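Undergrad: Residue-level listing of the chains:
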Amino acid sequence: MSKVGVIDYGSGNIFSLARAVEKVGCDVVLISSPEQMKEVDRYILPGVGAFGSVMRKLEDNGFNEALISVARQGKPLLGICVGMQVLFDVSHEFGEQEGLGVMGGEVDKIPLLDINGTQNRIPHIGWAELIYEHGDGNRQLVGELFESINDRASFYFVHSFAALPADEEISVAHTVYGGHPITGAVRKGMVFGTQFHPEKSGIAGLQLLDNFLRS
Amino acid sequence: MTDASPNRSTAWSAVKQKRIRIIPRLDIKGQNLIKGVQLEGLRVVGDPEEFAKKYYEEGADELIYSDVVASLYGRNSLLDILAKTAKQVFIPLTVGGGIRSVDDVEALLKCGADKISVNSAAINRPALISEISSRFGAQCCVVEVQAKVFGKGQWMALYDNGRENSDRDAIDWACEAMERGAGELLITSIDRDGSRKGMDLDLVSKISSIARVPIIASGGVGSPSDVCDAVDSAVVDAVAIGDLFHFGRASIREVKGYLTHHGVDVRL
Numbered sequence: 001m002s003k004v005g006v007i008d009y010g011s012g013n014i015f016s017l018a019r020a021v022e023k024v025g026c027d028v029v030l031i032s033s034p035e036q037m038k039e040v041d042r043y044i045l046p047g048v049g050a051f052g053s054v055m056r057k058l059e060d061n062g063f064n065e066a067l068i069s070v071a072r073q074g075k076p077l078l079g080i081c082v083g084m085q086v087l088f089d090v091s092h093e094f095g096e097q098e099g100l101g102v103m104g105g106e107v108d109k110i111p112l113l114d115i116n117g118t119q120n121r122i123p124h125i126g127w128a129e130l131i132y133e134h135g136d137g138n139r140q141l142v143g144e145l146f147e148s149i150n151d152r153a154s155f156y157f158v159h160s161f162a163a164l165p166a167d168e169e170i171s172v173a174h175t176v177y178g179g180h181p182i183t184g185a186v187r188k189g190m191v192f193g194t195q196f197h198p199e200k201s202g203i204a205g206l207q208l209l210d211n212f213l214r215s
Numbered sequence: 216m217t218d219a220s221p222n223r224s225t226a227w228s229a230v231k232q233k234r235i236r237i238i239p240r241l242d243i244k245g246q247n248l249i250k251g252v253q254l255e256g257l258r259v260v261g262d263p264e265e266f267a268k269k270y271y272e273e274g275a276d277e278l279i280y281s282d283v284v285a286s287l288y289g290r291n292s293l294l295d296i297l298a299k300t301a302k303q304v305f306i307p308l309t310v311g312g313g314i315r316s317v318d319d320v321e322a323l324l325k326c327g328a329d330k331i332s333v334n335s336a337a338i339n340r341p342a343l344i345s346e347i348s349s350r351f352g353a354q355c356c357v358v359e360v361q362a363k364v365f366g367k368g369q370w371m372a373l374y375d376n377g378r379e380n381s382d383r384d385a386i387d388w389a390c391e392a393m394e395r396g397a398g399e400l401l402i403t404s405i406d407r408d409g410s411r412k413g414m415d416l417d418l419v420s421k422i423s424s425i426a427r428v429p430i431i432a433s434g435g436v437g438s439p440s441d442v443c444d445a446v447d448s449a450v451v452d453a454v455a456i457g458d459l460f461h462f463g464r465a466s467i468r469e470v471k472g473y474l475t476h477h478g479v480d481v482r483l
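Respectively, the protein sequence lines represent chains A and B. Residue 1 is where the first sequence starts when you use our numbering, and the numbers rise one by one after that. Residue 216 is where the second sequence starts when you use our numbering, and the numbers rise one by one after that.
Hints are computed from structural coordinates only; laboratory data are not their basis. As the structure is a prediction and not an experimental result, all values here were calculated from the model. Please note: incorrect hints may appear among the correct ones.
As the list claims (entries may be wrong) - With the Cβ distance kept under 7 Å, some of the chain A side facing chain B (calculated, not the full set): (1) Trp127; (2) Ala166; (3) Lys200.
As the list claims (entries may be wrong) - Stretches of chain A that chain B covers, calculated by requiring three or more beta carbons in the stretch to come under 8 Å of a beta carbon on chain B: (4) 84-97; (5) 115-125; (6) 150-163.
Beta carbons are placed, not taken as given, at the ideal position from N, Cα and C, and that holds for glycine.
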């Protein structure tokens with residue numbers, strides 16, 4: 001099977017992600033410089049922690065332009081958690097922070113109150129089901145990403161901020177926390193993003209990774 | 216109580232009912248999975264990696280590894296166990312025991328941990344919580360509060376795996392931990408740990424009333440109905456279970472089946 005490049009810029013739980021990718025039969029190439037990106041034609045961008053510090057590390061390692069270019073060329077790219085958030089234009093975490101701008105929209109705090117006015121516990125930590133945006137038609141948009149995955153499958157979320165896509169056409173699925181919709185998965189062309197962690201979402205998550213690696 | 220509270224299904228009806236995570240808690244000594252009573256009288260249960268894999272396959276939502284002698288000896292023997300586990304277990308792994316610095320945290324994260332939990336070192340030097348939280352994110356920083364009853368409605372925070380009293384009020388300590396950046400609280404009742412007598416419901420509900428972050432209740436689950444009781448008495452996000460699973464007295468599927476039947480939302 002093919003190889004996938006995992007962008008290794010000093011953030012994220014790369015160990016678990018690499019083991020999950022290997023589990024579905026794909027070789028992992030750790031990409032620690034933009035020059036190395038030529039070695040593969042499919043990429044995963046992990047990310048944990050603060051949006052701003054992830055962006056700074058990407059910039060320091062020169063990955064910004066390389067990732068934007070890969071997205072333009074239509075090579076498959078999957079951003080996970082903060083790795084998905086940085087695909088957007090801007091985040092409001094610790095002041096305004098510019099993102100890669102591959103996808104239109106913003107990243108902002110999960111609402112502090114639930115829809116009953118009770119305090120939401122934040123971070124949002126736990127397994128949640130997804131609601132697919134356009135029913136069956138959406139399955140086309142989402143393409144192969146959710147193929148062979150049960151509609152009621154749950155995925156593991158752990159985050160305090162969430163993406164707000166400017167264009168609903170890129171929103172693939174959301175979940176609900178405290179009664180509020182929370183962006184779960186996005187897609188624009190061959191650029192995919194999941195707020196949840198597929199590498200930590202058991203069988204369903206492994207299936208999603210497998211689907212991406214075959215996309 | 217064995218029946219679902221009639222209020223449970225309606226209380227969260229507007230908001231989707233809170234889903235509970237079921238988390239096997241694996242206490243580790245050296246290379247062995249062990250289980251004690253009130254964190255003492257340790258008994259060897261088996262190979263932690265085998266148990267971890269079994270729990271993953273049975274539908275555990277997360278795993279907690281805790282090195283119970285790490286604080287005593289100032290080391291953490293979990294790196295090896297953790298790395299092997301992360302090769303075959305694809306759910307979140309929380310790891311605690313003997314963590315004293317951001318470097319310790321980094322070493323664990325590099326071996327596959329998703330979250331770390333701190334107790335002793337944070338009690339001795341509370342700034343450790345904010346150091347971890349600002350470097351790796353609050354979502355990574357679990358603070359374990361080991362609470363022991365010292366009178367009605369009062370608990371003290373213990374450390375060194377329940378051996379030492381910090382002379383801090385456990386509830387005050389939980390509040391301080393959140394202010395310093397804890398992203399989750401693991402509340403362990405020392406009185407109930409390994410007792411199979413049910414959870415300390417007063418403790419769980421007291422913590423629930425002040426929590427702004429998710430809480431994991433731990434200590435005392437002896438039967439599936441004990442989990443229902445905790446869910447009925449407080450808003451808990453997760454329940455950690457050791458004894459009941461380790462000695463095969465109930466499987467994760469059985470506990471989740473029981474909870475579903477009694478109106479508690481769990482991942483099936």
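Undergrad: All hints are to be evaluated individually against the structure, with a verdict given for each.
TA: Going through the hints against the structure:
1. Trp127: holds, 4 Å
2. Ala166: violated, 26 Å
3. Lys200: Holds. Min distance 5 Å.
4. 84-97: Violated: only 0 residues of the region 84-97 of chain A have a Cβ under 8 Å from chain B.
5. 115-125: holds (count 8)
6. 150-163: Satisfied; 5 residues make the cut.
When held up to the earlier numbered hints, the structure conflicts with 2, 4 and fits the remainder.
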